[in-house]
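Once you've looked at the hints, go ahead and assemble the two chains, each given alone in its own frame, into the complex.
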Amino acid sequence: MIYLDNAATTHPKPPAVYERVQHALAKVGASPGRGAYRLAREASSIVARARATVASLFNIRDPNQVVFTANATESINVVLKGWLRPGDRVLISAMEHNAVLRPLRSLARTGVQVEVVRCGTRGELDLEQLRSLLHPPPRLVVLVHASNVNGALQPIAEVARMCLEQHVPLFLDAAQTAGIQPIDVEAWQLGMLACSGHKGLFGPPGVGVLYIRPDLDVAPLLEGGTGSRSEEENQPDFRPDRYECGTLNLPGIAGLAAGVEFIEKVGLDAIRNHELELAKRIETGLEALPGVRILRPDERGTGVVSFIVADLHAGDLGHLLDAGFDIAVRTGLHCAPLAHKTLGTFPEGTVRVSPGFFTATEDIEAFLDALGALLSRRHPRH
Amino acid sequence: MSSQDAPVADGNSEKAVSVDAVICDQDGHGVEQAQWLIKERPVTLYLNDHELVTLLCTGHHLDELAVGFLKAEGFLEGREDLEDLRVDQEAGRVDVKSRLDTSLVERLWQKRTVTSGCGKGTVFYHALDSLLSQPVVSALQLTPAQVWNRMQDLHHLSSTYRTTHGVHNTALATADEIVLFRDDIGRHNAVDMIIGHCFLHHLPLADKLLITTGRLTSEILIKSAKVGIPILVSRNTATTLAVELAKSLNITLIGYVRAGKCTVYSGAERVVCSVS
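Just so you know, the protein sequences line up as chains D and Z, in that order.
The opening position of the first sequence corresponds to residue 0 in numbering that gives the first Met the number 0, with each subsequent residue numbered one higher.
The opening position of the second sequence corresponds to residue 0 in numbering that gives the first Met the number 0, with each subsequent residue numbered one higher.
Bound-form chain Z, shown alone (with noise of 0.2 Å):
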């Protein structure tokens, strides 16, 4: 396995350059030192060779990246649709070509929802997200301990982030153990790297629940629903509608995962805990 592929590998010697830097204090007092800063490059998606998006991103797993992000968007749906896929690093460039029918997806990707005030509204902002995502079924459970737990080894994995302090770290784990870590200056990428390496290697989602160290946003609470994670862990807060949303597609969200505590903003039955 190379460490392209590596589920753990942080890789941090390829993400983080050192570069020339003034440290400069409040009385006007100044000292060169170099930082170790994150890279950050744009990389273009062409889906059967249109233009599709450019992403900006740290710039590993590029393969991941690409195939992550087009199942969370609709383009790809089983791994029998992903008819090639061509990763150009120098150019930041990645092909892919899908043997979906991708033009009904095309016509509704990025369509903000129009509806009546005549009923209950949605919670759903873009019209495609309401359509592929759906109510996560899991038996998965897990234990506060388990929780702070993974949220530890988390960390430890993070070699990139205590060097730059400029990624978001994401890892997929089961409740004993993490079996995928990624990070990239967007914490959508990492995810998209997650579900791209468990779309390439036939990996079940419905058993893992996902650690980020970013916020719980909608976005992030919509590409899991779309993909079957049942449980989102973070260090951070939710948001409103992530939270919102999590009740209605059966998600649990833990947030807050600090000083042996965890929030459960929703979906608290899949957390082995006594509540007084």
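The shape of chain D in the complex, shown without the other chains (with noise of 0.2 Å):
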């Protein structure tokens, strides 16, 4: 199996995730934070190590401000569903995920304003129209770093700036980028940062990660149990515990700090130069090739690549992929379809190949002459 759907979730992961993972599952056990033995003391320490490292890699500078989450799904939901109210305005990217979307048109039903700035055709972002946008000041921009459907990197810094300018908090959709970008959260000051733990972080499944600046007061989405201040009835206001509650996943946060620790010992620039590498290899091949079309960005910033062959339907080509060379790439949507109608590939989609850090230049090679063969078994009749 040659595995092209990194943008998905990376696989596979560094060894030490594993090791990591079953050694808290099966060494360590005990719940972080719900008690004084010594196994719960090492569980606990696991996690803040974890949100340590997590922290560094951001550049945030108190580790308590990172909350451990299920998923980047579920850390955009904490932050739209806790921070606007009906009346607020929010501005959203057109090339945003529907982890973003589906939130906000249900916050839409309840008098939330959405507004979609503009993006070219090959997935820019449309700075004079967001300038204009932020006047008078939104409660909230967001906007996604990278694009899961043709790695398009928007101008962050930029964006940051003239957010700042205008006091508007700026929340970032990293699940792209994490592990692969460099993001400085203190830098550019960014309001709220989501980004998933199982994709360019390397960890598994299950792991989501929130950042949420410390004047910002976004009410959490889950309330509960926290193993911190139980005489109290209410939930706790101090963080990490505000928005952390129910048991934690210490297996998947013990094997995303594992993952990270992997991304800081190899170099945030050697994974990202392969990366691209590899995309650039992939856009070659694919440019060879008779009636295929690449949704190239303006300014690439994964190594996601996706394209589209003239009369032959996304999700086809994936299967005869499949089923023909046993390589995996992901088709249709890639659950983006207000970016797909930005990149003009809406409904059908595309046909997405993502690379990662274990891709091998061969495995590229194998999926570029897969695709030849197969495209040569069609002939134009015109």
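Any given hint could turn out to be false.
[To be verified] Which bits of chain D does chain Z cover? Going by a derived footprint, with three or more residues having C-beta under 8 Å, they are: (1) 37–49; (2) 124–132; (3) 309–317; (4) 343–352.
[What the hints assert, rightly or not] One side only, chain D facing chain Z, incomplete, derived with CB under 10 Å: (5) D321; (6) A322; (7) G323; (8) H339; (9) R377; (10) H378.
Rather than coming from a laboratory, the hints here were simulated on the basis of the structure.
Note that beta-carbon positions come from the ideal geometry of N, C-alpha and C, so glycine has one too.
Here is the structure:
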């Protein structure tokens, strides 16, 4: 199997991730923050170290501002549903994922005003329209750092500056870029940050990351047991406990920490360069094939490459690669119908190839050979 | 040209046999009376010395049937791929050697398409069909009168059907005349024979219409798209999937050619008709 769906979840993981998950589950096992005995203390210590590791990667000054959730979608829901109120305006880009769109469509029914900032046909944000829509200041700006459809990278530093000028919190969806692109929470003074643990951070599924700037009073989505101030019937107001209730996913968090440590060891630049090199090779190879159209971004932020083939359904092509060559790619809309509308590939979607750090050049050559063999069976009848 | 090669010969005497039978009425009275029955026999196709499939058919034009089937299924692409073709009429066996690397087609053949719920779904149910089917490009047009006349021509050629009522008739035609007629117990077989004949004799299909007595189903539609036939005509109805496929593959689908009328389900621009 050649796995080219790393934008959905990275596979395989660094060996230390499997080991740390196994250790946390088999050797530690206790619930973090829920006891004073040795194993519970060790569990708490694993979580604390993971918090510090993640904080360091994103340059978050206080590790206690790092919240562990179940996934990026939950992190996004916490912010949108805890910060926006009826009558508020929120700006999003035309490249957002359903993780942002669907909660906002739900909030719109309660009176939240959702405005979409245009993006070009390659996914680039229209900064002039954003500038204009920032007057009067909305309650929030939500922006996907890089598209999960075509890898288009948004000019986050500039957007952050524009938002700061208007005192509008910027919520960055870094699901695709965490572990690949540099993210500097303090320098950009981000309002909020959400990402998955199981994609570029190499953690197992089941852990998401959330950061909320200390001065922003976002109401929690869930309330319940935190293992702290148990005498009080109200949810604690300090972080991370305000947003973390119920038993934490210790094996997942332990694995996530191992994944982030792997990134630090290998280096963000090395990971990014490898993936961008592979993307470049994919694009060059695709250009040589008949009937292929690549959905190129202006500036590429990740290794995600999307393409379509004239008169061949993306889903069919994905199945042909799977059944004929044991190659895994993602097809369709990638849970991002708005992005596909922007790119002009709605409703059929695209074939998405997303190499990861463990993808070898030979894997890409095998993919291109397979695609070439398939397309050689199609002949124009014009 | 032998009777096996004849483009429009029916060959009735080779396909039907007389058998003894008793005709009973509902009052319990019977009369002995010979009946003409269509022949049915299994024929096995071997591709590059490997058994591929056994077709149940009438047993004639086996060379055309074999290469038509293999062409439509993707095991043959161009005429140059056909290295050898041997028909053992007695044994019901056809051996074909293809120069094409058929390993990919063998892996994908008859595999059901599996797609996610993320995006508009495909109209195909077999993975290979989606690869080998392409929208048909053709300048062919015809009038409803020509549709009607070609259907009448088809009926005039179908002496086996009149004798046995046991075959489907299929013809390839230009707007003005039928150029090839085949019949078989299986409507797919008859179409395969036509595809096979054109493959063996280098006959183009983009300027022809296919006329059949069978229903216009997705299978016939896909088969036609793979070889580039732009217009399908039937005296019967079409199915929903066939119409959906016809629209996406730019094929004109004309059904219910009866009583001086016809129904155009898709690709009406190829039928010269003022629609009120």
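Which hint numbers does the structure go against, in order from smallest to largest? 1, 2
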